[in-house]
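K.L.:
So you can see what is in the structure, the chains are spelled out below.
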Amino acid sequence: GENVEQHPSTLSVQEGDSAVIKCTYSDSASNYFPWYKQELGKGPQLIIDIRSNVGEKKDQRIAVTLNKTAKHFSLHITETQPEDSAVYFCAATKGAQKLVFGQGTRLTINP
Amino acid sequence: SAVISQKPSRDICQRGTSLTIQCQVDSQVTMMFWYRQQPGQSLTLIATANQGSEATYESGFVIDKFPISRPNLTFSTLTVSNMSPEDSSIYLCSAPSGGSYNEQFFGPGTRLTVL
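If you read the protein sequences in the order shown, they are chains A and B.
For what it's worth, our numbering labels the leading residue of the first sequence as 372, then goes sequentially.
For what it's worth, our numbering labels the leading residue of the second sequence as 94, then goes sequentially.
Isolated chain A, as found in the complex (with noise of 0.2 Å):
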């Protein structure tokens, strides 16, 4: 089955600067990489996805970008702000089925 592997399991970040998380996955057959922030004692909010059919996709502040010949996948966070200290997941699926989410990163934010 598929298999999630999510590095580094923590991030600490100058505010402003940018912060990268990256994620390998083992299924060549998976075609949607979504990610999740997660606050303390709230549950996984969506933040961005992928198809398999796309290499990159932005949304102000923040992009993921694909590689499907290596099997990664990478969160970019730009001009970090505070409010983006939490615990950030990455997942894999195939056909819109049963997640497979990596280990987590807790970034932290420095002001």
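Hints should not be assumed to be uniformly reliable.
Said to hold, decoys possible - Below, computed lysine-lysine pairings styled on PhoX-like, alpha-carbon distance capped at 25 Å:
id, chain 1, residue 1, chain 2, residue 2
1, B, K100, A, K413
2, B, K158, B, K100
3, B, K100, A, K469
4, A, K465, A, K439
5, A, K393, A, K465
6, A, K439, A, K393
7, B, K158, A, K469
8, A, K393, A, K429
9, A, K439, A, K469
Think of the hints as simulated: they come from the structure by calculation, not from any bench.
Guided by the hints, dock chain B onto chain A, whose structure is given.
P.N.:
Quick look at chain B alone, frame taken from chain A:
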């Protein structure tokens, strides 16, 4: 996007008892999913709940321990049976939006502590 609510938001239970968690979606969905998130960990799928059929459980999860009901297209329950302290986790339900790729949205979670 789908709006999902869960009840209860948190509970503290005694060993050996059972707790039923409710999940309500604001639109009709074919599939609903139940996840477990152990403290400080990632999300692990427990089962997929389809309306009108038995739930499909992932490896390591069994129906006797986590019975699931799916009486209609907007509602599901997960019961955590005969609880032990190892069941202390956040339990989350999710449902797709209904779009072509069925983006999944999550409820706020139920924080369970077993003493």
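K.L.:
Checking one constraint from the list: CA of K100/B to CA of K469/A, max 25 Å. Satisfied?
P.N.:
holds (23 Å)
K.L.:
For a C-alpha distance cap of 25 Å, please report whether K100/B and K413/A respect it.
P.N.:
holds (14 Å)
K.L.:
Quick one, are K393/A and K465/A close enough, alpha carbons at most 25 Å?
P.N.:
holds (19 Å)
K.L.:
Between K393/A and K429/A, is the straight-line Cα distance small enough, at 25 Å or below?
P.N.:
OK: K393/A and K429/A at ~16 Å, within 25 Å.
K.L.:
So if I understand the rule, the pair passes when the alpha-carbon distance is 25 Å or less; does K158/B with K100/B pass?
P.N.:
holds (19 Å)
K.L.:
Need the status of pair K439/A, K469/A: alpha-carbon distance at most 25 Å?
P.N.:
holds (20 Å)
K.L.:
For the pair supplied as a hint, K439/A and K393/A, confirm whether the alpha-carbon distance does not exceed 25 Å.
P.N.:
Within the cut-off at roughly 14 Å; holds.
K.L.:
Take the C-alpha atoms of K158/B and K469/A, compute the straight-line distance between them, and say whether it is at most 25 Å.
P.N.:
holds (20 Å)
K.L.:
Holds or violated: K465/A with K439/A, Cα cutoff 25 Å?
P.N.:
holds (13 Å)
Violated hints are absent here; each numbered hint is respected by the structure.
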